Amino acid sequence: MRWGVVTFPGSLDDRDVLYALREVMGQDAVSLWHKDERLYGAECVVLPGGFSYGDYLRCGALARFAPIMNSVARLAAEGGVVLGICNGFQVLCEARLLPGALTRNRSLSFICERVTLRVENASTPLTRLLSPGELIRLPIKHGEGLYVAPEQELRRIEERGQVLLRYVDADGGLSAQANPNGSMNAIAAVANESFNVFGLMPHPEHAVEACLGGTHGLKLFGSLLQGA
Amino acid sequence: MAEIPLGLGGDPDVTPELARDHGLVADEYRLIERWLGRRPTFTELGVFSVMWSEHCSYKSSRRHLRMLPSRGAGVATAPGENAGAVAIGDGYLAVFKLESHNHPSYVEPYQGAATGVGGIIRDVLAMGARPVASLNSLRFGVLDDPRMAYLVRGVVGGIGGYGNCVGVPTVGGEVGFDPAYNKNILVNAFCLGLAREGELASAAARVVDAPVIYAGSATGRDGIHGASLLASAEFGAGSESKRPTVQVGDPFAEKLLIEACLEALQTGAVAALQDMGAAGLASSSSEMAGRAGFGVELDLDRVPLREPGLSPYEIVLSESQERMLLVAYPGRESEVLAVFEKWDVSACVVGRITREARWRTRLAGGLVADIPVRALTTDAPSYERPVKPPAAAGAQSPRPKGAQLTSAQPAAAEQPASTRCELTQFAAGSLEPAQPLSRREVSAPLASRRRRPAPTEALRAMLDSPNIASKRWVYRQYDYLVQSNTVLGPGSDAALLRVKGTKRGLALAVDSNPRACALDPYLGAIATVCEAARNVACVGARPLGITDCLNYGNPERPEIMWQFVRGVEGIRDAALALGIPVVSGNVSFYNETEGQAIPPTPTVAIVGGLDDVGKRVSSFFKSPDDVIAFVKSGTLSLAASEYEALFGLGEEHGNGLKLAQIDPELQKTLLEALTQAADRGLLSSAHDVSSGGLATALAEGCFGCEKLLGAEVTIPEFDGLGPERSLFAEGTSLVVLSYAAARRDEVGQIFAHRGLKLEAIGQVSGVPRLKIGSLIDEDCRALLAIYERALPRRLGEGD
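Respectively, the protein sequence lines represent chains A and B.
In this text, residue positions in the first sequence follow this note's numbering: the first is 2, and each later residue adds one.
In this text, residue positions in the second sequence follow this note's numbering: the first is 546, and each later residue adds one.
Among the hints, erroneous ones may be present.
[What the hints assert, rightly or not] Covered, in the sense of this in silico footprint (three residues per stretch, anywhere, with C-beta under 8 Å from a C-beta of chain B), are these stretches of chain A: (1) 46-55; (2) 104-118; (3) 152-165; (4) 195-208.
Since the hints were made in silico from the structure, they are not lab data.
Nothing here was measured: the structure is a model prediction, and the numbers come from that model.
All C-beta atoms, glycine included, are put in the ideal place defined by N, C-alpha and C.
Hey, can you work out the whole structure from these sequences and the hints?
Structure, rendered in structure tokens:
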């Protein structure tokens, strides 16, 4: 499977995703440029973290208009896999490829730390190597990761199993303290209705090497490979 | 051609009074007239005032900085470059520098700190290195004052806001609080870049007729005279009114600028580049030409402006952020411009390098400035300021000398003999009388008659002190992970990065010790260098290079100048003894408000190398039953300690007032022993004992990231201090180690072999309790709660 990693102006973790895929996992991954509509054969496109266009406006609000996003939307419509991480998640919400929106953290400040996440749905292409209820550790680093959705929509995505990961404490329990940004229902990752577009605030690409603090991210990237 | 630059219609008349308002003293103004052979235009006056400001010219410090050992094995740069570089092996260079942004951060904390981060990143970028990590050293006043809490939030927010968005991880640093900084906080920012050997960029424009390219944000009216009026003068009551001299940062623009500059360098079409920082276009263009002995001619009509109608004065002095100046090889400018266009960064040719070494600028074809380049650069004034120890410091050898302006004079050929200047002594008599540094200025208000706290109570107070408490509240706001290199992040003795494509690691530590420097500026500076080196060695790395940021008060006062000179001498002696070159640095004077100077605060950052990053050692205990031991290489004392600041010393302080003695030679053997023990994989943990003494270090050792451990140790007695005081005494000579019992002999031999004694005092426990003899027996969970809550409790943010 060929991966594509988009670089918007202001993307920061694009190089980290490429490093994780190519150097750590030995994958075929190409860098995609925001001004270029071509995907160069990528079957799975990653929208990385960062501050696209500086995010001086609502996060992701400008990036969704980049030429590359036309191809990303087409790929999603055709059933290809799209993964948005952090700022990429925000872009996908702005592009209406994922439900809900991401707003400022409850604390109003940026948060960088490792969090514990509980797997809510392990039968999706992104989570198939995990088990339901399994706890994984991944880092978050964002100022706007508070997930919100209108009540009805929230109920719908919960019912359909579109919530993939939740912020929990070390024992897997839900609590206000364990929810770092105050997300509704402690939601950290969601999928679209067809389960081929995924968004997550935690950074799997920063959890692929033991010497840098953990390898749980490999299970998420690995899951996508399994289906390919 | 006798074209003489003309002032413009709206320019004010240039007079000695106007020069004074620009921060130029009368002798300096006369010198300008002699350099030019005429009265300067308004634009020229502005350029001289910034280029001759303390901030740009180092006029008080230059002669003293020469004593620092800047050469050594692996050093790849000469002093005067934008940043220093040392070889780390496998064909890579570590490029780094530490710089102050104190005054802007006090006036406007968020933007002041943010632009400090942005500026130092561009300095590293100017070397052709990719910026890979930031550190910062922050000194605040006491947190009870709501304005100080506002400053802390602003500075931390600004560092995070800029660093996070620009994609350079903030991997460590230090934060301290002391009433001495109530009115003058310190924000020192450090950046590390990586470059391939042989690929360093130059800041010297060595090609005549080469096009000069302006790249980055447009020029606006922000930050005019940031260097001269803000950074090179004391604060008074009206400092708030200086807010317009602070620039506003745009990290997004900087991120694009970084990528575009690095890509432009890859074309091979760039001959030189430099950041437009302090004094903007004026300093960057004159310095680039000056380093090559050439001149430059700028066409100000081509400079991109944010709004129409900026005067030449404003255009050349603007400190608008996120701008770089590049010099392309003639005929290859289009290759460079194409890269900037790809990244949507505006760039255009604004001038050319000239053989004649003059700094010339034109507007609408007319000449508005014409200055010999060396008058602005190498031959800017330099002062030998009078140096006098404060009365309290008594015995230290004073070196009073008349202050002499010893600037190079215009060459006879350039100036008629009759106007050759006879510069005389500056009037030392007009200076304010000496204000000997009293101890009260530099530590918390002491209640010397306060009762002595029980050891447990003292430990709890230590862990609750903002100086010692967990800085999680701070670093949680920084992205320390981006770029995927962070092996040890904030909260470690030193941060540790891996170098992709190699097995190597780079350790980074930044330290300052103002309390010790206040007691003795010389020993304090030595202690600071040794502490940074020890922090680097504790993770297993060998120190490779030093960068320093020297924060002092008003250099026109002989006592301050004495502190400064003693500080530089201390850094020199420590660097020589430890064998670590000082490859870059920065001086920040005028850190005073209403006549009150900060304590001398030389901040030192050290970069160390680890051959195999897998052999790193962290500061936390790892396994129950590991032996806990300490190694001591000098004396300890309560002087300048956190204990003294919190509780005073009482009547019976014994050797309390004497600063702990340091033997730099012995420090060097300690560093070698630590790195060797790490290299052999013998250590479970190594933690430098600093603020709060041994008891605090033991508690911190138990606070490992995943699992809380405990420790049970006997009480060592240090230097006749008695058991209680030994727990809290400080010095720059104590390291706590832990290792498997089976390794005891091997570890012991490494230290014994070098004449250092390793003393086992107990062991790590799986039960989270800290037991120190019969004096302390505490639940580590309770201690950790105090340690973690201290800052959030004071800064008012619960999560």
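Query raised in the report: Under a C-beta cut-off of less than 8 Å, do 3 or more residues of the stretch 46-55 of chain A approach chain B closely enough to confirm the stated coverage?
Result: Answer holds; 5 residues pass the 8 Å Cβ test.
Requested in this report: Mind taking a look at whether chain B covers the stretch 104-118 of chain A? Criterion is 3 or more residues with CB to CB distance under 8 Å.
Outcome: holds (count 7)
**Report entry** Outcome, coverage of the stretch 152-165 of chain A by chain B - at least 3 residues whose beta-carbon is closer than 8 Å to one in that chain
**Finding:** Per the Cβ count (0), the hint is violated.
Report task. Apply the coverage criterion to the stretch 195-208 of chain A and chain B: a residue qualifies when its Cβ sits closer than 8 Å to a Cβ of the chain, and three qualifying residues are needed. Result -> holds (count 3)
Checked against the numbered hints above, the structure violates only hint 3.
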